[in-house]
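Enquirer: Residues per chain are reported as follows:
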Amino acid sequence: MLEVSLKKTLGKFTLQSSFTADKGVLGILGASGCGKSMTLKCISGLQTPDEGSIRLNGALLFSSESKVNIPSRERNIGYVFQNYALFPHLTVRQNIAYGMKHFEKSQRAQKVTHMIEKMQLKGLEHHYPSQLSGGQQQRTALARTLITEPDLLFLDEPFSALDSHIKYLLEKELMKIIKENFNGIVLLVTHNIEEAYRICDQIMIMDQGLNLQLGPKEDIINKPINLTTARITGCKNILDVSILEEHKDYLLLKSNALIFKAANNQIPLSDSMLAGIRAHHLRLYSEKSHKDNVFDCEIMEKIEGVFSTTIIVNCGGNVLQLEIAKASCPHISESNTNKIKLHIPMKHVFLMENDL
Amino acid sequence: MNNVNLFPLYLSFRVAFTATIISFLFGLPIAYFLSRGHGKAVDFVDTLTNLPVVLPPTVLGYYLLVLLGRQSPIGAFLENNFNTRIVFTPTGAIIAATVVAIPYLIKASKTAFLEINQDYLNAARLLGRGELNIFFTVVMPIAWRGIVAGLTMSFARALGDFGTTLMVSGSIPNKTMTMPIAIYDALQAGNKEMANLLVLIMTSIAIIVLFTINQLERKMKKG
Chain A
0 MLEVSLKKTL
10 GKFTLQSSFT
20 ADKGVLGILG
30 ASGCGKSMTL
40 KCISGLQTPD
50 EGSIRLNGAL
60 LFSSESKVNI
70 PSRERNIGYV
80 FQNYALFPHL
90 TVRQNIAYGM
100 KHFEKSQRAQ
110 KVTHMIEKMQ
120 LKGLEHHYPS
130 QLSGGQQQRT
140 ALARTLITEP
150 DLLFLDEPFS
160 ALDSHIKYLL
170 EKELMKIIKE
180 NFNGIVLLVT
190 HNIEEAYRIC
200 DQIMIMDQGL
210 NLQLGPKEDI
220 INKPINLTTA
230 RITGCKNILD
240 VSILEEHKDY
250 LLLKSNALIF
260 KAANNQIPLS
270 DSMLAGIRAH
280 HLRLYSEKSH
290 KDNVFDCEIM
300 EKIEGVFSTT
310 IIVNCGGNVL
320 QLEIAKASCP
330 HISESNTNKI
340 KLHIPMKHVF
350 LMENDL
Chain B
0 MNNVNLFPLY
10 LSFRVAFTAT
20 IISFLFGLPI
30 AYFLSRGHGK
40 AVDFVDTLTN
50 LPVVLPPTVL
60 GYYLLVLLGR
70 QSPIGAFLEN
80 NFNTRIVFTP
90 TGAIIAATVV
100 AIPYLIKASK
110 TAFLEINQDY
120 LNAARLLGRG
130 ELNIFFTVVM
140 PIAWRGIVAG
150 LTMSFARALG
160 DFGTTLMVSG
170 SIPNKTMTMP
180 IAIYDALQAG
190 NKEMANLLVL
200 IMTSIAIIVL
210 FTINQLERKM
220 KKG
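So the sequence lines, in the order shown, correspond to chains A and B. Per numbering that gives the first Met the number 0, residue 0 is the first one in the first sequence, and the count goes up by one each step. Per numbering that gives the first Met the number 0, residue 0 is the first one in the second sequence, and the count goes up by one each step.
Everything labelled a hint here was simulated from the structure, so no lab data went into it. Being a predicted model, the structure only gives us computed values, none of them experimental. Some hints here could point you the wrong way.
Stated by the list, open to error - Computed, partial: chain A to chain B, Cβ under 10 angstroms:
(1) Gly44
(2) Leu45
(3) Ser71
(4) Asn75
(5) Ile76
(6) Tyr78
(7) Asn82
(8) Ala84
(9) Pro87
(10) Leu89
(11) Ala140
(12) Arg143
(13) Pro149
As the list claims (entries may be wrong) - Calculated from the model, a selection of chain B residues having no Cβ within reach of chain A, i.e. all distances over 10 angstroms:
(14) Phe43
(15) Val53
(16) Tyr61
(17) Gln70
(18) Met166
Built from N, CA and C at the ideal position, the CB exists for glycine as well.
Required output: the full structure, derived from the provided sequences and hints.
Expert: What follows is the structure, given as structure tokens:
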């Protein structure tokens with residue numbers, strides 16, 4: 000268990016973050032410069048927080064109050080850097096063996112050989128990092144860290160240095176290796192919601208040095224607590240709403256001329272609420288399945304993607320964006336009509352605070 | 000070849016080698032300090048170490064005379080306690096050459112240190128190594144080409160110094176007369192044979208130095 004509560008000011012930027020993490024993968028999601036990497040640097044001791052405390056499995060790593068500040072080298076934290084930071088003057092084997100000082104000499108060679116085999120780096124032992132592919136560099140960096148048997152593993156944007164066509168493949172491979180060889184807390188920093196959702200169990204949203212929301216990834220997607228979180232998680236449709244009626248299982252909402260129902264999630268309501276619905280949750284009307292929440296809309300723009308079509312519509316004075324898989328309705332991209340019927344699934348509408 | 004006296008050649012090399020070694024021993028820690036630190040104190044040291052490049056050699060020599068001459072506290076102390084003098088001795092020439100040469104080593108090493116990606120150092124820290132250990136296992140192996148380039152440049156500069164050396168140690172034949180001074184002296188005395196030889200040697204060394212630095216810089220870029 001990792002317990003973090005810290006504050007750090009650097010110039011005009013202030014990082015203020017407190018959270019706990021348990022076994023499994025916690026993704027820290029946010030735009031660049033929001034303090035994600037700084038959080039990792041503070042926990043690992045590469046930066047010293049101004050205030051707060053950091054506790055890992057009960058042991059105090061840092062506390063401004065009792066003046067504890069364990070140096071990085073004694074924190075036993077594994078850190079895979081964004082560009083891997085493999086030592087350019089050392090071979091793969093030497094890189095992997097670099098952190099093994101505290102192991103007995105007789106064990107080292109055997110352990111390194113074993114790790115090289117496990118990470119599928121056999122045959123590359125005597126290569127230098129500059130001679131390796133992106134994936135091989137990544138595995139070397141991971142091997143160098145895992146061999147020290149860390150209590151905590153940090154992955155700082157581990158896939159951002161890779162070409163997009165191999166990214167997905169390496170992502171799967173890397174996470175498989177980690178699951179097989181590491182049974183502890185993993186903190187992954189990323190700015191990509193898709194990546195975070197695929198890899199992580201829990202997601203923490205950060206913005207401008209603050210952590211806004213932490214929870215299971217499904218909750219983060221389905222129930223963002225405020226506008227910033229909704230935006231960071233990629234919600235395209237955000238409506239200013241007033242609440243007309245409050246029922247036990249649904250709320251009646253009004254935005255401009257659009258009056259629609261939303262599932263009542265029992266969250267505290269205030270006067271300035273926003274409603275959000277994700278582009279891929281909006282549906283085209285079909286007689287069979289949809290009865291409620293169906294509206295006539297005017298198509299403003301159609302944007303053809305490779306696998307999906309994005310349609311921007313005017314729905315009762317609100318501009319909404321919907322994303323439809325091409326395979327599911329091929330007719331929409333071909334037809335010339337500019338009128339469609341839109342279905343807003345009640346359970347996918349979420350209410351949130353306007354924090355901006 | 001009767002008119003050729005090779006003492007200046009020998010002295011110059013001795014002075015330049017010693018000055019380079021002293022520059023390395025003192026310059027490297029200063030360069031590391033400058034590469035790591037920020038703030039006014041660091042800027043001040045940085046300016047101070049670059050001053051010898053900009054100051055006229057005679058001005059530099061004057062300062063050294065004021066600092067180390069027989070009237071100065073340091074000069075008087077050395078003379079009274081150890082019976083050593085700095086002014087008008089080969090030691091003086093070494094000190095002059097060091098002061099002139101050390102900025103080049105500091106500048107090149109500082110640049111080499113600054114170019115090291117901080118993540119290498121952070122990775123090493125998290126892998127359990129202490130700062131001194133990291134300096135020898137990561138910093139030096141990555142920065143050595145830049146440092147060697149600086150050493151070569153310092154050596155060339157120490158070998159070629161004229162003004163400062165002349166001010167501090169004079170031009171006593173067979174005692175403190177280094178090559179650049181000997182060239183001037185030979186030309187004054189009409190000894191063309193001597194002047195030509197020394198000029199040829201100095202030029203060859205300059206070419207070798209520049210070639211070496213070029214090679215190192217090319218390899219540095221390759222990584």
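Enquirer: Under 10 angstroms is the threshold here; is the Cβ of Leu45 of chain A close enough to any Cβ of chain B for the hint to stand?
Expert: holds (5 angstroms)
Enquirer: Close enough to count: is the Cβ of Arg143 of chain A nearer than 10 angstroms to one in chain B?
Expert: holds (7 angstroms)
Enquirer: Confirm or reject: Val53 of chain B is not an interface residue toward chain A, with every Cβ-Cβ distance exceeding 10 angstroms.
Expert: Non-interface label stands for Val53 of chain B: nearest chain A Cβ at 33 angstroms, farther than 10 angstroms.
Enquirer: Tell me if Pro149 of chain A is really an interface residue toward chain B, meaning its C-beta lies closer than 10 angstroms to one of theirs.
Expert: OK, holds: Pro149 of chain A within 10 angstroms of chain B, min 8 angstroms.
Enquirer: Tell me if Ala84 of chain A is really an interface residue toward chain B, meaning its C-beta lies closer than 10 angstroms to one of theirs.
Expert: holds (4 angstroms)
Enquirer: Against chain B, with CB atoms and a cut of 10 angstroms, does the hint on Leu89 of chain A hold up?
Expert: holds (8 angstroms)
Enquirer: Beyond 10 angstroms from every Cβ of chain A: is that where the Cβ of Met166 of chain B lies?
Expert: Holds: least Cβ distance 43 angstroms, greater than 10 angstroms.
Enquirer: Take a quick look at Phe43 of chain B and tell me if its Cβ sits farther than 10 angstroms from every Cβ on chain A, holds or violated.
Expert: At roughly 23 angstroms from the nearest Cβ of chain A, Phe43 of chain B sits farther out than 10 angstroms, so the non-interface label holds.
Enquirer: Given Tyr78 of chain A as an interface hint, is the shortest Cβ-Cβ distance to chain B below 10 angstroms?
Expert: With a minimum Cβ separation of about 5 angstroms from chain B (threshold 10 angstroms), the hint on Tyr78 of chain A holds.
Enquirer: Have a go at the Asn82 of chain A hint: is there a Cβ in chain B nearer than 10 angstroms to its own Cβ?
Expert: Cβ of Asn82 of chain A sits 7 angstroms from chain B, so the hint holds.
Enquirer: Do the numbers back the hint for Ala140 of chain A, that is, is its least Cβ distance to chain B under 10 angstroms?
Expert: holds (8 angstroms)
Enquirer: How about Ser71 of chain A: closest beta carbon in chain B under 10 angstroms, or not?
Expert: holds (4 angstroms)
Going down the numbered hints, you'll see the structure goes against none, and every one checks out.
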